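Undergrad: Residue numbers (this note's numbering), protein chains in the order written: chain A, 1 to 151; chain B, 152 to 445.
Hints were generated in silico from the structure; no laboratory data involved. All values reported here derive from a predicted model rather than from experimental measurement. The beta carbon of each residue, even a glycine, is placed where N, CA and C say it ideally should be. Each hint should be verified, as a subset may be incorrect.
[As the list claims (entries may be wrong)] Derived CB-CB ranges, DEER-like:
no., chain 1, residue 1, chain 2, residue 2, range
1, A, N48, B, K323, 48 to 56 Å
2, A, K41, B, K390, 36 to 44 Å
3, A, H113, B, D367, 45 to 53 Å
4, A, E57, B, H364, 47 to 55 Å
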Amino acid sequence: MNGDTIFPPNSIARYCPPSKVEHDPITLEPLAVSLENFKPKISEIGTNKGISVNWLEKHAKPKIKDTINSIRERMESYPYNIKKNGAFAIATVKYIIEAGLRNKSKLSVVENHHKLIDGSVDDSHALIIGIKVDDELLQQEIALNVDIYSI
Amino acid sequence: MTSLLQKIYTEENNIKNIVNCLILTDEYTKSTTIFGNIISSQLYKDFFLKGDLSVNKSDYFLSNCLENIYKDNAFRDGLLNYRLPIEFANANISYYFSESDFTIPQSFHSNVNIAPYPLEWAFSSQWTDYSLPLIKRNKHISILLSHSNPSDIDNVRYDCQKIISKKESLLKEDVIVSLKKQLDIIINSETWDPEDQEPSIFSFSKLVSFYEHYNDLRPASITITNDGNFAATWFMTRKQLVRLDFNPNSWVSWLIFTEHHEATKQPIKEIGFNKSTDIKKILESFKVWSWMSK
């Protein structure tokens, strides 16, 4: 239900645009995602809304590739487009919570259903709550420990 | 930058609103750029002869030769360094400088009504009561610039590539190749989200200058921050890195992240914010500079 907390052992996926993917400087293969993907953007009124993610289990398929494709298809109905060369960062909710605790931040993942262009609702959309804008060490720790699936 | 002025010149029908002249000096490279000399005689009359600018106009305007403008006027009263962006705009377009390292001869500031703007004004692109007399008339200069139109993102990449080309003889070949290839990936109109902050060419310039000064550096992974800065990341392993976020004002946000450092046998997780000239010393103290230069 919208607003409910998502607990372990669930997982989340975060879309990372090409400009925030760390590429190998020689081979150009995706190496990691940058900490910016886990740095909240502050709204004009100063609100930290959290980090937009998708609840992986809502799209669960036997193969992770198919799961990612399912999320990708859903995101194509978002007001913004998924770009080619981007990547998805996958992490367990357990890892997110523990990374927060190691950095003295209480993090949680909550359902945040997203209204799509066609009027339907994406019930897999969620937010990571509790990451401070200036806590780059926490953002970097999360960014370095996610699994990456390039599109 | 000249090409950007030309871009305005060719794309905007109301180029008559572009006025000469402005001299900008990059403190870091000591290079000087002169803009302007496009004003029409009619506008000269409108703006200056009938205007309320009580200056010796002939000293500064309607020169047919930029070099003469430079020779006659530049630096006459010394340089006044403003750590603020500068904006000139006309009724239809608004470009801004967000570079903080540029200097304006004081004479130009006081007499020609070139003024520094607080950052928030520059980004709001609104006419304000604080604007200069020319702006109050909604007829004002348009000078350079970060590209304020997101559709110009490919031009940002082009400008970045030009910065590389200018410094090509001073950079290592592998750095040049890597920067150019990564620019194609991370700054591309086909993949760029127009809601993202536009990349700062000034930040990119600082990154290139850093490579220029520390020629032993190996190529880094390049990304764009939420603020539009360029960040360079040197990976030792997939989970150990040094990250430098190049602010346009020559300051660098640095981050070191190691799980088990080979020299100290301890994890390092440190961040800081220092002048770019101090970065090498700081990173050497953590014994991570060698990662970046191997």
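Undergrad: The structure should be examined with respect to each hint, and the outcome stated for every one.
TA: Evaluated hints:
no., hint, result
1, N48/A - K323/B: 48 to 56 Å, "violated (41 Å)"
2, K41/A - K390/B: 36 to 44 Å, "violated (25 Å)"
3, H113/A - D367/B: 45 to 53 Å, "holds (52 Å)"
4, E57/A - H364/B: 47 to 55 Å, "holds (50 Å)"
Going through the hint list in order, the structure does not satisfy hints 1, 2.
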